[in-house]
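Enquirer: One letter stands for each residue in the lines below.
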Amino acid sequence: TQLLEQSPQFLSIQEGENLTVYCNSSSVFSSLQWYRQEPGEGPVLLVTVVTGGEVKKLKRLTFQFGDARKDSSLHITAAQPGDTGLYLCAGALIQGAQKLVFGQGTRLTINP
Amino acid sequence: SAVISQKPSRDICQRGTSLTIQCQVDSQVTMMFWYRQQPGQSLTLIATANQGSEATYESGFVIDKFPISRPNLTFSTLTVSNMSPEDSSIYLCSVGRVLDPQRTQYFGPGTRLLVL
Chain A
69 TQLLEQSPQF LSIQEGENLT VYCNSSSVFS SLQWYRQEPG EGPVLLVTVV
119 TGGEVKKLKR LTFQFGDARK DSSLHITAAQ PGDTGLYLCA GALIQGAQKL
169 VFGQGTRLTI NP
Chain B
106 SAVISQKPSR DICQRGTSLT IQCQVDSQVT MMFWYRQQPG QSLTLIATAN
156 QGSEATYESG FVIDKFPISR PNLTFSTLTV SNMSPEDSSI YLCSVGRVLD
206 PQRTQYFGPG TRLLVL
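In order, the protein sequences belong to chains A and B.
Taking this note's numbering, I'd label the letters of the first sequence as residues 69 to 180.
Taking this note's numbering, I'd label the letters of the second sequence as residues 106 to 221.
You may find that some hints are simply not true.
Selected chain A positions facing chain B (in silico; Cβ < 10 Å) [unchecked claim]: (1) Leu87; (2) Gly110; (3) Gly171; (4) Gln172.
Below, a list of computed lysine-lysine pairs in the DSBU-like style, where the Cα atoms sit at most 35 Å apart [stated by the list, open to error]: (5) A/Lys127 with B/Lys112; (6) B/Lys112 with A/Lys167; (7) A/Lys125 with A/Lys138; (8) A/Lys125 with A/Lys167.
Simulated from the structure, these hints should not be mistaken for laboratory data.
By construction, the Cβ of each residue, glycine as well, lies at the ideal position given by its N, Cα and C atoms.
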């Protein structure tokens, strides 16, 4: 059973389109991180959200934490080829010590 | 954040042999973790590396197969023992701080292992 369900797992769209990636759980998280990983590299932290209902923006990327802190979304506006990569959400469980729980990942391809 | 390096960056090994992967961070950190990322997959936590004591392993991972050392607050090693082709993966170390309420982790570049 996957504790953090991430969808879609694969997404291929044209440059300029918008997209949303979702992470959902029945568990409550004290925080949730989004990472992007490019081939041959380790995951790079994009953002951490900690407050229910919180919205953070990073240029064309908008991150939202659900009110109940059980889910999160990543929205990309006007996607560009440079956005291509593996996007990972990871949650810190309330009772989970220091560990993170990772979603399955979304492999995003932006076609020129 | 922290600057994390891993050695080797990649290796090709024969089955039955062992490989030790090193993780070095540029500042003292309280938490160090080792993950495995199989081809096309997400990250799976192998263990938490504890300074001065035995690592804490996740379900499905055992010390005999993945012995871990952490002699100080900036360095850890993971050994993949008696390797088989199923061990072909990316191995990643990450660091965090126990006093960080957000529990953010920062990752090294990974070690790409191919077992023949």
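Enquirer: Need the list of violated hint numbers for this structure, in ascending order.
Expert: Those not satisfied come down to hint 1.
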